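Chemist: Chain A is already provided as a structure; the job is to place chain B on it using the hints.
First to last, the protein sequences are chains A and B.
Just so we're on the same page, the numbering used here is the position in the first sequence counted from 1, plus 238.
Just so we're on the same page, the numbering used here is the position in the second sequence counted from 1, plus 1286.
None of these hints come from the bench; they were simulated from the model.
Incorrect hints may have been included.
[As the list claims (entries may be wrong)] Once the Cα atoms are required to be at most 16 Å apart in a straight line, the calculated EDC-like pairs of lysine to aspartate or glutamate come out as:
(1) A:Lys388 x B:Asp1372
(2) B:Lys1466 x B:Glu1518
(3) B:Lys1503 x B:Glu1538
(4) A:Lys388 x B:Asp1362
(5) B:Lys1466 x B:Glu1538
(6) B:Lys1523 x B:Asp1491
(7) B:Lys1470 x B:Glu1321
(8) A:Lys388 x B:Asp1373
[Unchecked claim] Only some residues are given here: those of chain B computed to face chain A with a beta carbon under 7 Å:
(9) Arg1365
(10) Asp1373
(11) Trp1378
(12) Asn1439
(13) Phe1524
Since we're looking at a predicted model, the values are computed, not measured.
Glycine residues also receive a C-beta, built at the ideal position from the N, C-alpha and C atoms.
Residues per chain, in single letters:
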Amino acid sequence: MGKASRGVGIYLLGFASLFAIWHVAATWILNSVLFPPPWKVFLKAIELAEDGTLWEQASASLGRIATGFTGGSLLGIPLGLAIGSFPIVRRLLEPYTEFLRFIPATALITVAVIWFGIGEGSKIFLIVYTTIFIVIINTAAGVSAVAPNKIRAARSLGASRTQVFLFVAFPATVPYILTGMRLAMANSFVTIVAAELVAANNGLGRMIWDSRMYMLVDQIFVALLVLGLLGFTADRLFRWGIYTFAGRFSPVT
Amino acid sequence: MSLVALTGVSKVYRSLKGSDYVAVRDFSLDIPAGEFFCLLGTSGCGKTTVLNMVAGFEAASSGTISLAGKKVTRPDADRGVVFQGDDSLYGWLTAMGNIEFGLRMRGVSRAEREQKARHYLELVGLKGQDHKHPSELSGGMKQRIQIARVLANEPQMLLMDEPFAALDAHTRADMQRELKRICKATGKTVLFITHDIDEAIILADRIGVMNAGPASKLKGIVPVTLSEEERERTHDKFTAVYRQVHELIRDEVALALQRQQ
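Just chain A, same shape as in the assembly (with noise of 0.2 Å):
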């Protein structure tokens, strides 16, 4: 047995233990309706994948953090390159970036509500807010983190500014950029649920919320289930695109 599938194993092997001391303290030490054990779960969430409601309510919270996310991220890797490279735009946007940053999103849902309402416009808003600040920080981090003799070297060798910018500062940002983003996708899970649960017609937080008032906790479980199942799949995701595509620029851990 190769050490790479060993080491898998070890890994399932924590898994199932969640799941096992998830049962031991359901069933036996707990034993409370409000505390459903893993299998009553599974069944709930059979029952509901297969009338639909799970896939579309996982889809309305999906949708809303892979739009925002991407125009977060969009927005805030050209930002952050800015203020990495300028002196006069670090001046100016940083009062920007110091001060809203430490505004949580979530402290900002009832007036993202009251802007763009209770649909999409409110949550893609959201999770831009969320995704915006830790890219253009990251990637700022990264600009001024350039090691100066590989922009010295580049410039002795006949490059221009641009072509330093371009060729050196820009990719050697790389892995900072992207480490900004698997975080501020990690935090894009977390905003998506508060703003579900205070205003959504639908999404993961929202099925949470309605299962609340009929105290469906097992449907409770099923969202939370997902939703550590989703964030975990899309991390994995971006940690495999990574690695594939973009190897040299593995991110900063």
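Modeler: Showing chain B alone in chain A's frame:
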């Protein structure tokens, strides 16, 4: 005729508190085309400052630096720089990608780039390593990439800032021999910074010894007219030159230590 000329060059650094630190004062030096010149000095004597000014990374506070009669104002492809560490290499590019970087920036066609880069890759002894990334190569190999990258760009001169200082003794000796061979093959003018007397004697046509900092300048120049065979540490003529250089630098080392305390 000299290729590089430094005339009365000074470098003053101003601290945030406003006090001045004179790193180099009234430094003058002529290096003729094709010469291998070693600048030798204790740590903190400003030898890297001199190299940075010739490279155009830092501006001289006064005096002039010219290359082939043209005043040096900024870094450019006519002066190739080899750095001490490996942090100047581009980790996302292969060895080949690093070596052809300058040519690519200067718009040289792919075919010509490829052919030149391959020539210098082989010249520095990296044949077969072209698709490896710097992280997959040893310290010595990474310095070879740096040298090939600069040579492929065909600069008028090489500026080398203690390029072998971070290498182990065997690799260093190996690289010194290789550099000697490469310089012979290409006839490049070199300004080589080092604090190692042995290294200077092995490589140089002339050795310039600097005063201890601050406000240092050239204390003296020792010509090295040894043949290849005589450039062995155990050779009598080698030790004679060593003594000559040591005579110049001995007091400066003591002074530098004193000033550090």
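Chemist: So, as I understand it, the hint says Arg1365 of chain B touches chain A; can you test that by seeing if any CB pair is closer than 7 Å?
Modeler: This hint holds: Arg1365 of chain B lies near chain A, its Cβ roughly 6 Å from the closest one there, short of 7 Å.
Chemist: Does Glu1321 of chain B sit within 16 Å of Lys1470 of chain B, going by the straight-line distance between their CA atoms?
Modeler: It holds: about 10 Å lies between the C-alpha atoms, which stays within 16 Å.
Chemist: Is the straight-line distance between the alpha-carbon of Lys1466 of chain B and that of Glu1538 of chain B 16 Å or less?
Modeler: Distance of about 28 Å is beyond 16 Å: violated.
Chemist: For the hint on Asp1373 of chain B, just tell me whether its beta-carbon gets within less than 7 Å of chain A.
Modeler: Since chain A brings a Cβ to about 4 Å from Asp1373 of chain B, closer than 7 Å, the hint holds.
Chemist: Hey, Lys388 of chain A versus Asp1362 of chain B, does the alpha-carbon distance stay inside 16 Å?
Modeler: The given pair, whose Cα atoms are some 14 Å apart, holds under the 16 Å limit.
Chemist: Is the interface hint satisfied for Asn1439 of chain B? The criterion is a beta-carbon contact with chain A at less than 7 Å.
Modeler: 5 Å, holds
Chemist: Could you grab the alpha-carbon distance between Lys388 of chain A and Asp1373 of chain B and see if it respects the 16 Å cut-off?
Modeler: 7 Å, holds
Chemist: Quickly compare the C-alpha distance for Lys388 of chain A and Asp1372 of chain B to 16 Å and report which way the hint goes.
Modeler: 9 Å, holds
Chemist: Checking one constraint from the list: CA of Lys1523 of chain B to CA of Asp1491 of chain B, max 16 Å. Satisfied?
Modeler: 14 Å, holds
Chemist: Verify the proposed pairing of Lys1503 of chain B with Glu1538 of chain B, using a straight-line Cα cut of 16 Å.
Modeler: The given pair, whose Cα atoms are some 12 Å apart, holds under the 16 Å limit.
Chemist: Can the restraint linking Lys1466 of chain B and Glu1518 of chain B be considered satisfied, given a maximum Cα separation of 16 Å?
Modeler: 13 Å, holds
Chemist: Next item in the hint list is Phe1524 of chain B. Is there a CB on chain A closer than 7 Å to its CB?
Modeler: 33 Å, violated
Checked against the numbered hints above, the structure violates hints 5 and 13; every other hint is satisfied.
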